[in-house]
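There are 2 protein chains.
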Amino acid sequence: MSGAGSDPGSRSRGRPRDPAVEAAILRAAYELFVERGADGASIERIAKRAGVGKLTVYRRWSSKDDLIAQAIEAAVETRNWPANDELAAMPVRELAERMLDQQAEAAASPEFRALVSQVFGSSVSHPSLMETYWRHYIVPRRRATATMLEQAKRDGTIPSDTDVEVLIDMMAGAVTYRVLQPDPPDATEMRRYLRALYHQSGLL
Amino acid sequence: MSGAGSDPGSRSRGRPRDPAVEAAILRAAYELFVERGADGASIERIAKRAGVGKLTVYRRWSSKDDLIAQAIEAAVETRNWPANDELAAMPVRELAERMLDQQAEAAASPEFRALVSQVFGSSVSHPSLMETYWRHYIVPRRRATATMLEQAKRDGTIPSDTDVEVLIDMMAGAVTYRVLQPDPPDATEMRRYLRALYHQSGLL
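Keeping their order, the protein sequence lines are chains A and B. Taking our numbering, the leading residue of the first sequence gets 199, the next gets one more, and so forth. Taking our numbering, the leading residue of the second sequence gets 199, the next gets one more, and so forth.
Hints were generated in silico from the structure; no laboratory data involved. Treat the hints with care, as some may be off.
Stated by the list, open to error - Straight-line C-alpha distance at most 20 Å; calculated SDA-like pairs for lysine to any residue: (1) A:Lys-351 to B:Gly-400; (2) B:Lys-351 to A:Ala-394; (3) A:Lys-351 to B:Tyr-396; (4) A:Lys-262 to B:Gly-238; (5) A:Lys-252 to A:Asp-237; (6) B:Lys-351 to A:Tyr-396; (7) B:Lys-262 to A:Gly-238; (8) B:Lys-262 to A:Asp-237; (9) B:Lys-351 to A:Gly-400; (10) A:Lys-262 to B:Asp-237; (11) A:Lys-262 to B:Arg-234; (12) A:Lys-351 to B:His-397; (13) B:Lys-351 to A:His-397; (14) A:Lys-351 to B:Ala-394; (15) B:Lys-262 to A:Arg-234.
Assemble the whole structure, with the sequences as input and the hints as a guide.
In structure tokens:
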């Protein structure tokens, strides 16, 4: 951020930031975190991949974990997710069917596996990364899923005594657990798996 | 360490191994893996913690991943788990009740969280570690749980069309997912959580 010192050749601390430079640094930090984890994604490697000097990175972020957290935030928040009012307006079974293909593709992708692996792998050693992922990626999805499950309780699709938070953990937990197992599923197998999972949850 | 005196100046490769030295190396490798992950558990650190020279480690294991895999195997296989015939002889609800406290203590322990985090965090970058953990820790537990769930299907406790593998993923996935979330549960909360999870699964 507003670090003292400046790059060889830069002018003053007050100059406007270059959004393209920030985007390149965030993208490099995200990629390196996914590839090598929090410990392997050094500022030096991030700067090199982004094509900037280390000082350019240090001037903008006060710690590596802050940078990686923001990089995760920037990377995951661009993804698609149905809006809450869209969810509330649609019958649960139709919604589950509709989301199946998209979720199977996403969950079976090597990038998702690697991201989940690194986030879970950082959760004890770098808790701020899990917190960021949780707040920006998981919480919005949990809210949307809770909206859907509360509606499923009301319309009798699932039992009225369902513990929504536990059921969400069971569904999300099964998917993340499955993709990290030896012999990970491809998209076709993931589609079959999600259908069985939704059925087991009472949604299909 | 009990000195089978070795290392720079050791005699020959064929001499009998010292089990206490091996146990110390395996224990050090396990601890460092749990603390720092596969990349942070260097042979140098492992040797230092075990109180031996690096050559003593290199002489016994051909790669670091082999050593860590064997260390995980040695650490997790000593734990208690009901025998299969014991499981088959007991009513499912009674068994679930009986296992609840033990499982809550284990799942809420900082060591379990750290181990799960590191194993999940290694699953893409060091797949042999996940494979070892899977084969030696998970598979026996899955077999026992499958025995229990098949019996629950037969006696009508859970629906006869239950997909046992998916339900096991949902239960194990929920627990591992829950303990890695921000604000991890203590043993009391974990007991409540497991009870809700078993209820949601139809077992309680």
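Quiz item: Does the structure keep Lys-351 (chain A) and Tyr-396 (chain B) at a Cα separation of 20 Å or less?
Solution: holds (19 Å)
Quiz item: Are Lys-351 (chain B) and His-397 (chain A) close enough, with their CA atoms no more than 20 Å apart?
Solution: This hinted pair holds, its Cα atoms lying about 16 Å apart.
Self-check item: Pair hint outcome, Lys-252 (chain A) versus Asp-237 (chain A) [Cα-Cα no greater than 20 Å]
Solution: Distance ~17 Å between Lys-252 (chain A) and Asp-237 (chain A) Cα, so the pair holds.
Quiz item: CA of Lys-262 (chain B) to CA of Arg-234 (chain A), is that 20 Å or under?
Solution: Status holds; Cα separation ~17 Å.
Exercise. Measure nothing beyond the straight line between the CA atoms of Lys-351 (chain A) and His-397 (chain B); if it is 20 Å or shorter, mark the hint as holding.
Key: holds (16 Å)
Quiz item: Does the structure keep Lys-351 (chain A) and Ala-394 (chain B) at a Cα separation of 20 Å or less?
Solution: Measuring from Cα to Cα gives roughly 16 Å; hence the hint holds.
Quiz item: Are the Cα positions of Lys-262 (chain B) and Asp-237 (chain A) separated by 20 Å at most?
Solution: Holds - the C-alpha atoms of Asp-237 (chain A) and Lys-262 (chain B) are around 18 Å apart, at most 20 Å.
Quiz item: Taking only the CA atoms, is the gap from Lys-262 (chain A) to Asp-237 (chain B) under or equal to 20 Å?
Solution: Holds, at roughly 18 Å.
Quiz item: If you draw a straight line from the CA of Lys-262 (chain A) to the CA of Arg-234 (chain B), is it 20 Å or shorter?
Solution: This hinted pair holds, its Cα atoms lying about 17 Å apart.
Quiz item: Straight-line Cα separation of Lys-351 (chain B) and Ala-394 (chain A) no greater than 20 Å?
Solution: holds (16 Å)
Quiz prompt | Straight-line alpha-carbon gap Lys-262 (chain A) to Gly-238 (chain B), limit 20 Å | solution = Holds, at about 17 Å.
Quiz prompt | Given pair status - Gly-238 (chain A), Lys-262 (chain B), alpha carbons within 20 Å | solution = Roughly 17 Å separates the two Cα atoms, so the pair holds.
Comparing the model with each numbered hint stated earlier shows that all of them hold.
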